[in-house]
Amino acid sequence: QQKVQQSPESLSVPEGGMASLNCTSSDRNFQYFWWYRQHSGEGPKALMSIFSDGDKKEGRFTAHLNKASLHVSLHIRDSQPSDSALYFCAARVQGGSAKLIFGEGTKLTVSS
Amino acid sequence: GGIITQTPKFLIGQEGQKLTLKCQQNFNHDTMYWYRQDSGKGLRLIYYSITENDLQKGDLSEGYDASREKKSSFSLTVTSAQKNEMAVFLCASRLGGRTGQLYFGEGSKLTVL
Numbered sequence: 001q002q003k004v005q006q007s008p009e010s011l012s013v014p015e016g017g018m019a020s021l022n023c024t025s026s027d028r029n030f031q032y033f034w035w036y037r038q039h040s041g042e043g044p045k046a047l048m049s050i051f052s053d054g055d056k057k058e059g060r061f062t063a064h065l066n067k068a069s070l071h072v073s074l075h076i077r078d079s080q081p082s083d084s085a086l087y088f089c090a091a092r093v094q095g096g097s098a099k100l101i102f103g104e105g106t107k108l109t110v111s112s
Numbered sequence: 001g002g003i004i005t006q007t008p009k010f011l012i013g014q015e016g017q018k019l020t021l022k023c024q025q026n027f028n029h030d031t032m033y034w035y036r037q038d039s040g041k042g043l044r045l046i047y048y049s050i051t052e053n054d055l056q057k058g059d060l061s062e063g064y065d066a067s068r069e070k071k072s073s074f075s076l077t078v079t080s081a082q083k084n085e086m087a088v089f090l091c092a093s094r095l096g097g098r099t100g101q102l103y104f105g106e107g108s109k110l111t112v113l
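Chains as they are written, first to last, in my numbering: chain A, 1 to 112; chain B, 1 to 113.
It should be emphasised that the hints constitute simulated quantities derived from the structure, not laboratory data. As the structure is a prediction and not an experimental result, all values here were calculated from the model. Among the hints, a few may not be true.
Dumping the calculated PhoX-like pairs for lysine-lysine here, alpha-carbon to alpha-carbon at most 25 Å [to be verified]:
(1) Lys107(A) - Lys9(B)
(2) Lys109(B) - Lys45(A)
(3) Lys99(A) - Lys41(B)
(4) Lys3(A) - Lys67(A)
(5) Lys41(B) - Lys3(A)
(6) Lys109(B) - Lys107(A)
(7) Lys57(B) - Lys3(A)
(8) Lys109(B) - Lys57(B)
(9) Lys45(A) - Lys57(B)
(10) Lys22(B) - Lys70(B)
(11) Lys45(A) - Lys41(B)
(12) Lys56(A) - Lys3(A)
(13) Lys18(B) - Lys83(B)
(14) Lys9(B) - Lys71(B)
(15) Lys99(A) - Lys70(B)
(16) Lys99(A) - Lys22(B)
(17) Lys9(B) - Lys109(B)
(18) Lys67(A) - Lys45(A)
(19) Lys109(B) - Lys83(B)
(20) Lys99(A) - Lys109(B)
(21) Lys9(B) - Lys83(B)
(22) Lys9(B) - Lys57(B)
(23) Lys57(A) - Lys107(A)
(24) Lys45(A) - Lys99(A)
(25) Lys45(A) - Lys9(B)
(26) Lys71(B) - Lys22(B)
(27) Lys45(A) - Lys22(B)
(28) Lys41(B) - Lys107(A)
(29) Lys57(B) - Lys99(A)
(30) Lys71(B) - Lys99(A)
(31) Lys41(B) - Lys109(B)
(32) Lys57(A) - Lys45(A)
(33) Lys41(B) - Lys57(B)
(34) Lys45(A) - Lys71(B)
Whenever a hint applies, use it, and build me the whole structure from the sequences.
Structure, rendered in structure tokens:
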């Protein structure tokens with residue numbers, strides 16, 4: 001079964017700090033990756049995508065992809081209390097399949 | 001912009017009952033999904049559909065049926081509700097192609113008595 005594993009399970013950082021979230025896929029055929037964020041009581045919302053090796057920066061958020069090691073990470077600079085949420089890594093295989101697999105999530109708490 | 005509407009928002013049923021959740025999207029997206037989320041955990045794929053009248057099983061399809069009779073709607077039926085199925089069911093849609101993101105509804109919370 002194709003899987004996406006996330007770590008850590010939960011993470012606490014002070015306001016203004018750096019949060020680093022990790023994701024490892026089980027299948028080398030996973031080629032397209034997304035990070036989603038879910039605030040309590042809401043549906044998940046896409047935060048950013050990354051499809052090529054290297055870094056992708058969007059504001060305070062930087063995603064990093066290393067396809068050789070099947071590893072994706074998300075770094076949140078200058079963390080804010082509003083960043084407190086459940087973060088999911090999601091992956092899709094190359095080719096025609098529309099199947100999108102999500103990880104178990106990392107619960108981020110940013111304390112003021 | 002568009003929106004995904006899930007009904008009902010809360011559904012209470014009896015063990016053994018057949019229960020149906022509905023999802024409507026006005027994005028005009030091709031692909032729709034149903035995921036199950038247990039108590040703040042990860043999302044597990046139940047069914048997805050890449051076009052009207054198409055159905056594809058996810059990893060958690062046993063015990064569920066789905067129906068996509070129109071492009072804009074996707075229904076999920078719990079065939080026989082069990083007590084360990086208290087969860088939030090999330091519907092999502094996506095434009096076709098390799099790189100489109102998912103747009104989610106707010107979820108339907110199922111409680112089985």
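Consistency of the hints with the structure:
Straight-line distance between C-alpha atoms of lysine 107(A) and lysine 9(B) comes to about 24 Å, which keeps the hinted pair within the 25 Å bound. For a cut-off of 25 Å, the pair hint linking lysine 109(B) to lysine 45(A) stands: about 18 Å separates their Cα positions. For the given pair, lysine 99(A) sits about 19 Å from lysine 41(B) by alpha-carbon distance, which is consistent with the 25 Å threshold. Our distance criterion of 25 Å between C-alpha atoms is met by lysine 3(A) and lysine 67(A), whose separation comes to about 15 Å.
A hinted pair counts as satisfied when its Cα atoms are at most 25 Å apart, and lysine 41(B) with lysine 3(A) qualifies at roughly 15 Å. For the hint pairing lysine 109(B) with lysine 107(A), the CA-to-CA distance comes to about 20 Å; that is within 25 Å, so the pair holds. Using a Cα cut-off of 25 Å, the hinted pair lysine 57(B) and lysine 3(A) holds, with the two alpha carbons roughly 16 Å apart. The hinted pair formed by lysine 109(B) and lysine 57(B) meets the criterion: a straight-line CA distance of about 21 Å does not exceed 25 Å.
For the given pair, lysine 45(A) sits about 23 Å from lysine 57(B) by alpha-carbon distance, which is consistent with the 25 Å threshold. A C-alpha spacing of about 12 Å is found between lysine 22(B) and lysine 70(B), which places the hinted pair at or below 25 Å, so the restraint holds. Distance check on the hinted pair: lysine 45(A) and lysine 41(B) sit about 15 Å apart at the alpha-carbon level, within 25 Å; holds. With a CA separation close to 23 Å, the supplied pair lysine 56(A) and lysine 3(A) stays within the 25 Å bound.
Between the alpha carbons of lysine 18(B) and lysine 83(B) the distance comes to roughly 13 Å, so the proposed pair stays at or under 25 Å and holds. For the hint pairing lysine 9(B) with lysine 71(B), the CA-to-CA distance comes to about 21 Å; that is within 25 Å, so the pair holds. Taking the CA atoms of lysine 99(A) and lysine 70(B), the gap is about 20 Å. The hint holds against a cut of 25 Å. Only pairs whose Cα atoms come within 25 Å are accepted, and lysine 99(A) paired with lysine 22(B) is accepted, the gap being roughly 20 Å.
Pair hint lysine 9(B) plus lysine 109(B) holds up; C-alpha atoms about 6 Å apart against a cutoff of 25 Å. With a C-alpha separation of about 24 Å, the suggested pair lysine 67(A) and lysine 45(A) falls inside the 25 Å cut-off, and the hint holds. For the hint pairing lysine 109(B) with lysine 83(B), the CA-to-CA distance comes to about 13 Å; that is within 25 Å, so the pair holds. Note on lysine 99(A) and lysine 109(B): the hinted pairing holds, with a Cα-Cα distance of about 23 Å set against a maximum of 25 Å.
Proximity of lysine 9(B) to lysine 83(B) is assessed by CA-CA distance (about 19 Å); at most 25 Å being required, the pair is judged to hold. The hinted pair formed by lysine 9(B) and lysine 57(B) meets the criterion: a straight-line CA distance of about 24 Å does not exceed 25 Å. Proposed proximity of lysine 57(A) and lysine 107(A) is supported: the alpha carbons are some 21 Å apart, at most 25 Å. Distance hint between lysine 45(A) and lysine 99(A) is fulfilled; the C-alpha atoms sit about 17 Å from each other, no more than 25 Å.
With a C-alpha separation of about 18 Å, the suggested pair lysine 45(A) and lysine 9(B) falls inside the 25 Å cut-off, and the hint holds. Restraint check for lysine 71(B) and lysine 22(B): the C-alpha separation of about 13 Å stays at or below 25 Å, so the hint holds. Simply put, lysine 45(A) and lysine 22(B) have alpha-carbon atoms about 20 Å apart, close enough for the 25 Å limit, and the pair holds. At most 25 Å may separate the alpha-carbon atoms for a hinted pair to count; lysine 41(B) and lysine 107(A) meet this at roughly 9 Å.
Proximity of lysine 57(B) to lysine 99(A) is assessed by CA-CA distance (about 9 Å); at most 25 Å being required, the pair is judged to hold. Straight-line distance between C-alpha atoms of lysine 71(B) and lysine 99(A) comes to about 18 Å, which keeps the hinted pair within the 25 Å bound. The suggested pairing of lysine 41(B) with lysine 109(B) holds, with an alpha-carbon distance near 14 Å, which does not exceed 25 Å. Distance hint between lysine 57(A) and lysine 45(A) is fulfilled; the C-alpha atoms sit about 18 Å from each other, no more than 25 Å.
In summary, the hint linking lysine 41(B) to lysine 57(B) is supported, as the alpha carbons are separated by about 21 Å, within the 25 Å threshold. About 22 Å separates the Cα atoms of lysine 45(A) and lysine 71(B), which keeps this hinted pair within 25 Å; it holds.
No hint from the list above goes unmet by this structure.
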